[in-house]
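Peer 1: So the sequences go chain by chain: A and B.
Quick note on the UniProt record's numbering: the first sequence kicks off at 1 and runs consecutively.
Quick note on the UniProt record's numbering: the second sequence kicks off at 1 and runs consecutively.
Rather than coming from a laboratory, the hints here were simulated on the basis of the structure.
Glycine included, each C-beta is placed from N, C-alpha and C at the ideal position.
Do not rely on the hints blindly, as some may be mistaken.
What the hints assert, rightly or not - Below 20 Å or equal to it, Euclidean Cα-Cα: the simulated DMTMM-like pairs (lysine to aspartate or glutamate) are:
no., chain 1, residue 1, chain 2, residue 2
1, A, 317, A, 27
2, A, 317, B, 102
3, A, 317, B, 208
4, A, 317, B, 142
5, B, 197, B, 230
6, A, 74, A, 102
7, A, 197, A, 182
8, B, 74, B, 125
9, A, 74, A, 142
10, B, 317, A, 159
11, B, 317, A, 228
12, A, 197, A, 239
13, B, 317, A, 142
14, A, 197, A, 230
Said to hold, decoys possible - Here are the in silico distance ranges between beta carbons for each label pair:
no., chain 1, residue 1, chain 2, residue 2, range
15, A, 3, B, 185, 32 to 38 Å
16, A, 79, B, 325, 24 to 30 Å
17, B, 40, A, 99, 41 to 47 Å
18, A, 244, B, 227, 46 to 52 Å
19, A, 44, B, 227, 53 to 59 Å
20, A, 63, B, 228, 51 to 57 Å
21, B, 41, A, 112, 53 to 59 Å
22, A, 42, B, 156, 56 to 62 Å
23, A, 190, B, 227, 40 to 46 Å
24, A, 63, B, 186, 41 to 47 Å
2 protein chains.
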Amino acid sequence: MGQRRIAIAGYGNLGRGVAAAVGQNADMTLHAVFTRRDPSTIDPPTPQTPVLPWDELLDHRDEVDVLVLCGGSKDDLPQQGPELAAHFTTVDSFDTHARIPEYVAAVDAAARAGGNTSIVAVGWDPGMFSLNRLLGEALLPEGGTYTFWGPGLSQGHSDALRRVPGVAAGVQYTVPSPAAIDAVRSGSRPELTTREKHTRECYVVLEDGADAAEVERAVVTMPHYFADYDTTVTVISAEELAREHADMPHGGFVIRSGTTGGGHDQVVEYRLQLGSNPEFTASVLVAYARAAARLNERGETGALTVLDVAPSLLSPKPVDQLRAELL
Amino acid sequence: MGQRRIAIAGYGNLGRGVAAAVGQNADMTLHAVFTRRDPSTIDPPTPQTPVLPWDELLDHRDEVDVLVLCGGSKDDLPQQGPELAAHFTTVDSFDTHARIPEYVAAVDAAARAGGNTSIVAVGWDPGMFSLNRLLGEALLPEGGTYTFWGPGLSQGHSDALRRVPGVAAGVQYTVPSPAAIDAVRSGSRPELTTREKHTRECYVVLEDGADAAEVERAVVTMPHYFADYDTTVTVISAEELAREHADMPHGGFVIRSGTTGGGHDQVVEYRLQLGSNPEFTASVLVAYARAAARLNERGETGALTVLDVAPSLLSPKPVDQLRAELL
Numbered sequence: 001m002g003q004r005r006i007a008i009a010g011y012g013n014l015g016r017g018v019a020a021a022v023g024q025n026a027d028m029t030l031h032a033v034f035t036r037r038d039p040s041t042i043d044p045p046t047p048q049t050p051v052l053p054w055d056e057l058l059d060h061r062d063e064v065d066v067l068v069l070c071g072g073s074k075d076d077l078p079q080q081g082p083e084l085a086a087h088f089t090t091v092d093s094f095d096t097h098a099r100i101p102e103y104v105a106a107v108d109a110a111a112r113a114g115g116n117t118s119i120v121a122v123g124w125d126p127g128m129f130s131l132n133r134l135l136g137e138a139l140l141p142e143g144g145t146y147t148f149w150g151p152g153l154s155q156g157h158s159d160a161l162r163r164v165p166g167v168a169a170g171v172q173y174t175v176p177s178p179a180a181i182d183a184v185r186s187g188s189r190p191e192l193t194t195r196e197k198h199t200r201e202c203y204v205v206l207e208d209g210a211d212a213a214e215v216e217r218a219v220v221t222m223p224h225y226f227a228d229y230d231t232t233v234t235v236i237s238a239e240e241l242a243r244e245h246a247d248m249p250h251g252g253f254v255i256r257s258g259t260t261g262g263g264h265d266q267v268v269e270y271r272l273q274l275g276s277n278p279e280f281t282a283s284v285l286v287a288y289a290r291a292a293a294r295l296n297e298r299g300e301t302g303a304l305t306v307l308d309v310a311p312s313l314l315s316p317k318p319v320d321q322l323r324a325e326l327l
Numbered sequence: 001m002g003q004r005r006i007a008i009a010g011y012g013n014l015g016r017g018v019a020a021a022v023g024q025n026a027d028m029t030l031h032a033v034f035t036r037r038d039p040s041t042i043d044p045p046t047p048q049t050p051v052l053p054w055d056e057l058l059d060h061r062d063e064v065d066v067l068v069l070c071g072g073s074k075d076d077l078p079q080q081g082p083e084l085a086a087h088f089t090t091v092d093s094f095d096t097h098a099r100i101p102e103y104v105a106a107v108d109a110a111a112r113a114g115g116n117t118s119i120v121a122v123g124w125d126p127g128m129f130s131l132n133r134l135l136g137e138a139l140l141p142e143g144g145t146y147t148f149w150g151p152g153l154s155q156g157h158s159d160a161l162r163r164v165p166g167v168a169a170g171v172q173y174t175v176p177s178p179a180a181i182d183a184v185r186s187g188s189r190p191e192l193t194t195r196e197k198h199t200r201e202c203y204v205v206l207e208d209g210a211d212a213a214e215v216e217r218a219v220v221t222m223p224h225y226f227a228d229y230d231t232t233v234t235v236i237s238a239e240e241l242a243r244e245h246a247d248m249p250h251g252g253f254v255i256r257s258g259t260t261g262g263g264h265d266q267v268v269e270y271r272l273q274l275g276s277n278p279e280f281t282a283s284v285l286v287a288y289a290r291a292a293a294r295l296n297e298r299g300e301t302g303a304l305t306v307l308d309v310a311p312s313l314l315s316p317k318p319v320d321q322l323r324a325e326l327l
């Protein structure tokens, strides 16, 4: 079989990660990057990769096996996901948890109508964490599931931080409480409050003339984002922000603590320690792109999530080899 | 839909675990336990569960949705697996890693001929660990996979220990090296020798007149089992053995350490901390029994492994509910 042809729709951090991930998979080739910006302003991921304007996407329908949608969940994907699923087999990392059912339904209708396959909400949460929450409760029906996030940079909370008057720039790290994790790992199945599970660490660069104490008060009392947490605010320089806080590490834990029928405690833990959140998400997208292509080749059309995909479809290796090597 | 009817073939530690696990799943009922021993000598798992002689198995073909095979991998399953797959949809925990491909082939032929579905080599290793090895290399193609076992009681090594002259009884614990695990978690991708990864702790009860030093020497120099490890031998009384070493805890780690295309390190860890190895294995078997029944209802016959099964098939919840709750 020839290489599968991957294209990228939307070229920010995630799109760059997808381009890099395709380069690590010998059974795939990067056909093109599509952007809504002026293509001439964009550095292509490799000298051979065309960067093309968005409105040429449909001209490439027959040359693309899987289109990886790298837009944002708030404004881009709710429109692009269904629209493009009508024409391409797609994968995306739609991550507005509460709206996933309606998003799946919209993409499913479009993909079926177009004879395409879409795997949506792919990444680590939703994604690998969802898969592990499912495995946890299916394997240990009597028990509790705990998700911790971090230590890592949260985009949503960093955005909220930057909206505070007096803040010129800043980042927010979500830090899981070691004491809470230890309690869960022990199998004691504690009831944990929001405040007990995570702390939030903010690093801010102040605008000229801003009052540090006033900024701190505004941050730590902000409802929804910070008020329910023990939050620290550290003022730093723009230079330190650029030097020390440019990476996007993240990660977290899904822990299932259960008791089997004979009364024994069992603890299952899945943990991610990610040097780069967008690069890892991109790698997951690319593995599911392989699965989407295979499912489409089998005639399985419509929208699926990671919960519906047999693991062997993610690997470039034939099933016989996987059985011999991994079982 | 009514409850799925589960039967158990072979009633040792694993079979008892399966009976207990069925009791935790409201969509299943335990039809019967089949044994090669005299059924009148066996305590049934519940007062309502018939314990029946092995040679009546085929009479129950139409009343059993899934037969869970609980025999041993060395002598029982190589024969029973294919034989019973001809007549029943089955799951089993065949765990002789090197012989899994031929076992899959034998069960596959029988299951297809009988219109049945068999999921084989189910448990945690092979099983959940295999699944995580696959996910690790599919998501992070450039990297290394590390499996550590324990801390836990190893049946195979305990059996070897008990064959040493002078040993009346004993157990062996496999203990992963904390230093090795830390090195792998750091992302440094060390090359580890067998001796660096695990230690082995033996607790033995001596036969009357046996020489402790001689027993220790025989254990620590035993090829394949102990000679390649740092092994300790502790002599204890029969009372202490019964009091302190009756449980069968186990567990371990699968860690994938990789680098994504942009050069960032990523570490994924799956960890099991099992109060009872047979009860956890049994719980995994029962979840895959649900999947086997569903696959058979869809007409997907033949032998599969955990690598081939979509995760959502393991849960009693409908897919829409899983998406809303877990994604």
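Peer 1: Against this structure, judge whether each hint is valid.
Peer 2: Status of each hint after checking the structure:
| no. | hint | result |
| --- | --- | --- |
| 1 | A:317 with A:27 | 10 Å, holds |
| 2 | A:317 with B:102 | 18 Å, holds |
| 3 | A:317 with B:208 | 55 Å, violated |
| 4 | A:317 with B:142 | 14 Å, holds |
| 5 | B:197 with B:230 | 10 Å, holds |
| 6 | A:74 with A:102 | 14 Å, holds |
| 7 | A:197 with A:182 | 11 Å, holds |
| 8 | B:74 with B:125 | 16 Å, holds |
| 9 | A:74 with A:142 | 36 Å, violated |
| 10 | B:317 with A:159 | 36 Å, violated |
| 11 | B:317 with A:228 | 32 Å, violated |
| 12 | A:197 with A:239 | 32 Å, violated |
| 13 | B:317 with A:142 | 14 Å, holds |
| 14 | A:197 with A:230 | 10 Å, holds |
| 15 | A:3 with B:185: 32 to 38 Å | 34 Å, holds |
| 16 | A:79 with B:325: 24 to 30 Å | 26 Å, holds |
| 17 | B:40 with A:99: 41 to 47 Å | 60 Å, violated |
| 18 | A:244 with B:227: 46 to 52 Å | 49 Å, holds |
| 19 | A:44 with B:227: 53 to 59 Å | 56 Å, holds |
| 20 | A:63 with B:228: 51 to 57 Å | 54 Å, holds |
| 21 | B:41 with A:112: 53 to 59 Å | 57 Å, holds |
| 22 | A:42 with B:156: 56 to 62 Å | 58 Å, holds |
| 23 | A:190 with B:227: 40 to 46 Å | 44 Å, holds |
| 24 | A:63 with B:186: 41 to 47 Å | 43 Å, holds |
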